[in-house]
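Fit chain B with the ligands to the known structure of chain A by using the hints.
Each chain, letter by letter, is given below.
Protein chains: 2
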Amino acid sequence: EEDSRGSSTNHKDGDENAQLALEKIVGIQHEIDSLNEQASEEILHVEQKYNQLRKPHYQKRAKLAQEIPEFWFTTLTNHPAISQLLNEEDEQALIYLENLTVDEFEDVKSGYKISMHFRPNPYFENAVLLKELTLDVSGDSTITGTDIKWKPNRDLTKQSDVEFKGRKRPLEEVPSFFCWFNDTNGNESDEIAETIKDEIWPNPLQFFLHGEVSVDEGEEEED
Amino acid sequence: EEDSRGSSTNHKDGDENAQLALEKIVGIQHEIDSLNEQASEEILHVEQKYNQLRKPHYQKRAKLAQEIPEFWFTTLTNHPAISQLLNEEDEQALIYLENLTVDEFEDVKSGYKISMHFRPNPYFENAVLLKELTLDVSGDSTITGTDIKWKPNRDLTKQSDVEFKGRKRPLEEVPSFFCWFNDTNGNESDEIAETIKDEIWPNPLQFFLHGEVSVDEGEEEED
Ligand SMILES: [Ca+2]
Ligand SMILES: [Ca+2]
Ligand SMILES: [Mg+2]
Ligand SMILES: [Mg+2]
Numbered sequence: 001e002e003d004s005r006g007s008s009t010n011h012k013d014g015d016e017n018a019q020l021a022l023e024k025i026v027g028i029q030h031e032i033d034s035l036n037e038q039a040s041e042e043i044l045h046v047e048q049k050y051n052q053l054r055k056p057h058y059q060k061r062a063k064l065a066q067e068i069p070e071f072w073f074t075t076l077t078n079h080p081a082i083s084q085l086l087n088e089e090d091e092q093a094l095i096y097l098e099n100l101t102v103d104e105f106e107d108v109k110s111g112y113k114i115s116m117h118f119r120p121n122p123y124f125e126n127a128v129l130l131k132e133l134t135l136d137v138s139g140d141s142t143i144t145g146t147d148i149k150w151k152p153n154r155d156l157t158k159q160s161d162v163e164f165k166g167r168k169r170p171l172e173e174v175p176s177f178f179c180w181f182n183d184t185n186g187n188e189s190d191e192i193a194e195t196i197k198d199e200i201w202p203n204p205l206q207f208f209l210h211g212e213v214s215v216d217e218g219e220e221e222e223d
Numbered sequence: 224e225e226d227s228r229g230s231s232t233n234h235k236d237g238d239e240n241a242q243l244a245l246e247k248i249v250g251i252q253h254e255i256d257s258l259n260e261q262a263s264e265e266i267l268h269v270e271q272k273y274n275q276l277r278k279p280h281y282q283k284r285a286k287l288a289q290e291i292p293e294f295w296f297t298t299l300t301n302h303p304a305i306s307q308l309l310n311e312e313d314e315q316a317l318i319y320l321e322n323l324t325v326d327e328f329e330d331v332k333s334g335y336k337i338s339m340h341f342r343p344n345p346y347f348e349n350a351v352l353l354k355e356l357t358l359d360v361s362g363d364s365t366i367t368g369t370d371i372k373w374k375p376n377r378d379l380t381k382q383s384d385v386e387f388k389g390r391k392r393p394l395e396e397v398p399s400f401f402c403w404f405n406d407t408n409g410n411e412s413d414e415i416a417e418t419i420k421d422e423i424w425p426n427p428l429q430f431f432l433h434g435e436v437s438v439d440e441g442e443e444e445e446d
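Chains as they are written, first to last, in the numbering used here: chain A, 1 to 223; chain B, 224 to 446.
Don't read these hints as lab results, they were simulated from the structure. Don't take every hint at face value.
List of simulated lysine-lysine pairs, DSBU-like, C-alpha gap at most 30 Å [stated by the list, open to error]:
1. B:Lys247 x A:Lys63
2. B:Lys420 x A:Lys55
3. A:Lys149 x A:Lys113
4. A:Lys197 x B:Lys420
Short, incomplete list of chain B residues facing chain A, as computed with Cβ under 8 Å [claimed, not checked]:
5. Leu245
6. Val249
7. Ser257
8. Leu258
9. Ile266
10. Gln271
11. Gln275
12. Leu276
13. Arg284
14. Pro425
15. Asn426
Heads up, the beta-carbon is just placed ideally off N, CA and C, and yes, glycines get one too.
Looking at chain A on its own, in the form it has when it is part of the complex (with noise of 0.2 Å):
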């Protein structure tokens, strides 16, 4: 039995018949495949139309947000998963955070930026942390970080230097949550900033308010 995939016969026998339905398939393919990127496309569409709808009400809860004492720091130690990655010495400096920004690059599919803006405090200088992951087309992510300009004695990171409040940070410990900031392996996923971006950005609220008294959702009285 010779296979006469891609051999050309001059009668039309079975297996110049399935070569020729093979053809046609490859051509459906191209056809299918064409519109998959369409649909891709028009998807992305509404995703880039949406997300700009969303970001003045984004910014308008920026505002807001600063008149709340603690509102990003109550967010993130409420969160489940984010109040695991912070120790006590991170909680103290997370206190001077006073705004937190998610930014999806224009075109959506191609990465995110995390803001952390902070008042001055005393334990680093920079007014703003970053973390942004970019996606190549290849889907391959390249992930950078602020570099900390740490205050001296005060480096977060460096969990053998430090002394807090005249003791020793014990043993048992999680690494500081800053140490995220350095952490730009790009071949594991993110899972904080993921986490930032995919369930505190779109709903902070329901963090902050874990635990409070239920709050009042009707009329905003104005008066």
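Chain B with the ligands only, in chain A's frame:
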């Protein structure tokens, strides 16, 4: 320090400002949630539209595939993951597979059905074996599978009972692929179903052609 959230005071102190800001954030969250729902709806409509557009291509493909000997058998046995799940006798039975289809339910999000159409064969009476996955609103899945009517002494899922071509099935052989139709545990994801739906169905050709000579992708000669 009393937490005055949820209580009302008559002067606009910091707590009252924070309370008003919080109530406004609640309102903004409702608007964000509503935009998210609209975005999901629009994306769903795009997916439904393209499901309809792809359908005639899949139907043409199904007809053409039947002109190619062992198209689906070759596709499945060439797939790197599926091939691992096929023992020798499974392959003997899958030679009779003449069509394979995946149908997403109209609303796309509620589930899909995989149909495997068989020519008359020495193993079972059914012309079609189905696996159906239904997702309810809370995301839980219900899985149903065809109860295969095996011919006498041909039940491939009962290893100990079966002899094949006069010899016992070796103990080290993998369990039968056909056990998949009985495996309706909705708590786990159905990885075989997902592989068929997400990898094989959109492009069976890439597996069918795996290791074959390259196909002329130029114009089809109709003469
Ligand atoms: Ca009120
Ligand atoms: Ca040709
Ligand atoms: Mg905000
Ligand atoms: Mg087909």
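### Task
Could you work out which earlier hints the structure fails to respect and list their numbers in ascending sequence?
2, 7, 10, 11
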